[in-house]
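A.B. asks: Start from chain W and add chain A with the ligands according to the hints.
Protein sequences appear in the order of chains W and A.
Heads up: the first sequence begins at 143 in the working numbering, then just goes up one per residue.
Heads up: the second sequence begins at 143 in the working numbering, then just goes up one per residue.
Worth flagging that the hints you see were computed from the coordinates, not collected in a lab.
Take these hints with a grain of salt, some might be off.
Just so you know, same-sequence chains aren't split out, so a pair can sit in one copy or run between any two.
Below, a list of computed lysine to any residue pairs in the SDA-like style, where the Cα atoms sit at most 25 Å apart [what the hints assert, rightly or not]: (1) K392 <-> N438; (2) K392 <-> F165; (3) K185 <-> L434; (4) K410 <-> Q464; (5) K392 <-> A169; (6) K200 <-> D433; (7) K314 <-> E159; (8) K277 <-> L151; (9) K175 <-> Q310; (10) K418 <-> D194; (11) K154 <-> F375; (12) K355 <-> L158; (13) K476 <-> I381; (14) K250 <-> T304; (15) K277 <-> N350; (16) K314 <-> A162; (17) K314 <-> D164.
Letter by letter, the chains look like this.
Protein chains: 2
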Amino acid sequence: KAIFRQIYLTLKAELLEDPAFDFTDDARQWIDKMLDYNVPGGKLNRGISVIDSYKLLKGTELSDNEVFLACVLGWCIEWLQAYFLVLDDIMDNSHTRRGQLCWFRVEKVGLIAANDGIILRNHISRILKRHFREKPYYVDLLDLFNEVEFQTASGQMLDLITTHEGEQDLSKYTMPVYRRIVQYKTAYYSFYLPVACALLMSGENLDNFVDVKNILVAMGTYFQVQDDYLDCFGDPEVIGKIGTDIEDFKCSWLVVQALELGNESQKKILTENYGKSDPACVAKVKSIYKDLDLQNVFFEYERLSYEQLISSIEAQPSKPLQDVLKSFLHKIYKRQK
Amino acid sequence: KAIFRQIYLTLKAELLEDPAFDFTDDARQWIDKMLDYNVPGGKLNRGISVIDSYKLLKGTELSDNEVFLACVLGWCIEWLQAYFLVLDDIMDNSHTRRGQLCWFRVEKVGLIAANDGIILRNHISRILKRHFREKPYYVDLLDLFNEVEFQTASGQMLDLITTHEGEQDLSKYTMPVYRRIVQYKTAYYSFYLPVACALLMSGENLDNFVDVKNILVAMGTYFQVQDDYLDCFGDPEVIGKIGTDIEDFKCSWLVVQALELGNESQKKILTENYGKSDPACVAKVKSIYKDLDLQNVFFEYERLSYEQLISSIEAQPSKPLQDVLKSFLHKIYKRQK
Ligand SMILES: [Mg+2]
Ligand SMILES: [Mg+2]
Ligand SMILES: [Mg+2]
Ligand SMILES: [Mg+2]
Ligand SMILES: [Mg+2]
Ligand SMILES: [Mg+2]
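Chain W extracted, bound-state conformation (with noise of 0.2 Å):
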C-alpha cells in the first residue's frame, strides 16, 4: 500500500545521512541507486505481512505511530530479502531478477554488488538501531534477525553444497535434503520472520510460541512446493516467467517425487537428462512427470498440507493468533501465481 511504499522513502533517506559514516557525494549516490535498484522492486508480500499481522495480535486500531514501526520492520524484512537475493544472483551467476538485470551485471557495478549485499544488511541494524533501541523488545529483535539471517545463511550454504558441489549428482536429491533446504532457506525468513516480528511489537516473548515457529515453516515449505509445482505446472503467463528449474538442474519437489516414485529405467531417464538445456531432455523429464502423475501426487500434497496446517492453527489458544495464521495459509492456498 501506499503508506508502506512512502516509508521506504523515509528510511533511505534517513540511511543516506547516516552520522556513523562520512558519506562522500558519490558514495551517497551510489547507495541511493543501489537500494532503488534492489529494494523496493518486488512483491512487497514479506514486510506488508508484518503490519497486517500486527493489527491482528492487536485486535483494535492501531495508532500511526504503531502502523509506522510495523511498516519499519516490514522494510527490515525487504532489506534481508534484497540482501539475500544480490548475493544469491552472484553466486547462482543468473541474469535476470524482478524483471530487470542482476545488480552484479549492471554497468560498473560487477562483485562491488557483494559489498553491496552486505550494505544491505547492514542497514537493518542502522534501521532497528535508530527506531526500536528504547524499546524493551530492542535486543529481541536483534536477537531475531541474527537468528533468522544464520538459518537462512545456513539454508544457502546446503543448497550450495548439494546442487553446486562437483558434477551433477541427482542421487543427493532425497525428501529429507529437499525439506532442510527449504526449511532453512526460504521458510524462516518469509513465514516465520513477519509474524515474529509482529509478537515481539505485541510484546509477547518468542520462547512461548514454538509450536507457531513450526506451524509457519510449515506453511513456508508448502509455499515453496507450490513454487516448485508452478515452475512447470503453471501457466507463464500467470506466473509472470517460462520455468527453467529442469534446465537448472534445480532440486525441486518435482524432480525429488520423481526419483521416489520411479521405477529403475524411469530414473535413468531422469538422470541422463535432468540439468540440460536441450528441449529435448526437457521434454522427457516432463513425459516423466506426466507418466508419474505429478500434478495429482502434487494436489494430494496441497490437500493434505492444508488439513495438517488447519487443524495444527486451531490447536492453537489464541484466537487472534489462529487468524493470523490462517490469513496466511488462505493468501497461499491454491495460488496459482
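C.D. replies: Same frame as chain W, now just chain A with the ligands:
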C-alpha cells in the same frame, strides 16, 4: 598464546553443534574446513589485544572465566576479520592470502565463499548470544559489532567505488579520500573494536569514550600509512612479502603524497606509470618517490603522529586507559614489519 588458540577449538566445536541449524555431515565438514582455513591463520594481534587491554583496565589478575570471555571476544574480532578478508579477496580477485590460496580459489569452493563470508559474520552473533546473552552489556556488544561492521563495509564501499569503478584515474587519490577509506575500512575494527570490547567487559558506557575512539582511529590511520610505506620501502625479508601496491594501482599514502608534492611533470609521469605491472613503469614511480624524498616525508609524518598521539593519550584522565593506548602505540611505533 596457547590458551587463546585453545579457545578457538571450543568455539568451533560449539558452532558445529549449533541447535539453530540441523547440520548434515557434509555441512558440518564444510564449516569445519572453512573455519580452519580462514579464521586462525592470521597474526591474532587484534584478538589478543582484547585480553591485554582488559587486563590493564581491570588492574587486578583476571579470573579464569574473565580470561575465557575476553578470549571469546578476541576470537569474535578474528572471525570478523576473516569475514572481511574472504569477501575482499573475491572482490579484489586476489590470489593468495596469509601464504595460501585465497579461499574462493580453493577447489570446489568458488563463489560459495561469498556465503561462507556471511556464515563467518553470523557465527559472531551465535558466539555472542551463547556466551554473553545474560550480561548487562550484551545489547551494547551487539550494537558495537554492528556499528563497526557497518563502518568497515562503508569504508570498503568507498575503496571499491574510488579504486575499481571505471578506468584508472589518479586524480581521485587525494588525502581526504585516503584518510576516509583507511579510517572506515581498517581503523575502526582493527584498533577501536578490541579496546571497546574490553571497555564493555569492564562495565563502561562507550558514549563516555569518544576521545579514546578518536585516538584509536588516528592510530589505525597511522598504522595503515606505515603499511603503505613498508610496501615500498620495507625489507621484503622482514615483512615476508614483496609489495605490489604500485602495480595494483592502490590508493597508497605514498602515491597520494607524491601527487600532492610533485610538480606537473612528475604528476604526469605518475599518471602514465602507476598501476602497470611492467617493472620499468614501477621503477619510474619509485624514482619519483625518491626524488620527492618520501622516506623522509614519512619519517616526519611518523614523528609528528607519535607526538600528537602521545599528547592526546596523556590528556586522558584514566591512567589504566593511558596504559592501554600507549601499549597499542608502542607495539606499532617504528615497526619494520
Ligand atoms: Mg538463485
Ligand atoms: Mg541459489
Ligand atoms: Mg522457483
Ligand atoms: Mg584486497
Ligand atoms: Mg579490497
Ligand atoms: Mg599493504
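A.B. asks: If a hint holds in the structure, say so; if it doesn't, say that too.
C.D. replies: Results of checking the hints against the structure:
no. : hint          : in the structure
1   : K392 <-> N438 : within (21 Å within a copy, 61 Å between copies)
2   : K392 <-> F165 : between (41 Å within a copy, 21 Å between copies)
3   : K185 <-> L434 : neither (34 Å within a copy, 59 Å between copies)
4   : K410 <-> Q464 : neither (46 Å within a copy, 72 Å between copies)
5   : K392 <-> A169 : between (37 Å within a copy, 19 Å between copies)
6   : K200 <-> D433 : neither (50 Å within a copy, 73 Å between copies)
7   : K314 <-> E159 : between (48 Å within a copy, 23 Å between copies)
8   : K277 <-> L151 : within (23 Å within a copy, 37 Å between copies)
9   : K175 <-> Q310 : between (37 Å within a copy, 22 Å between copies)
10  : K418 <-> D194 : neither (42 Å within a copy, 58 Å between copies)
11  : K154 <-> F375 : neither (39 Å within a copy, 44 Å between copies)
12  : K355 <-> L158 : between (35 Å within a copy, 23 Å between copies)
13  : K476 <-> I381 : within (13 Å within a copy, 65 Å between copies)
14  : K250 <-> T304 : between (32 Å within a copy, 12 Å between copies)
15  : K277 <-> N350 : both (20 Å within a copy, 22 Å between copies)
16  : K314 <-> A162 : between (46 Å within a copy, 23 Å between copies)
17  : K314 <-> D164 : between (49 Å within a copy, 17 Å between copies)
Violation of the numbered hints given earlier is confined to hints 3, 4, 6, 10 and 11; the remaining hints are satisfied by the structure.
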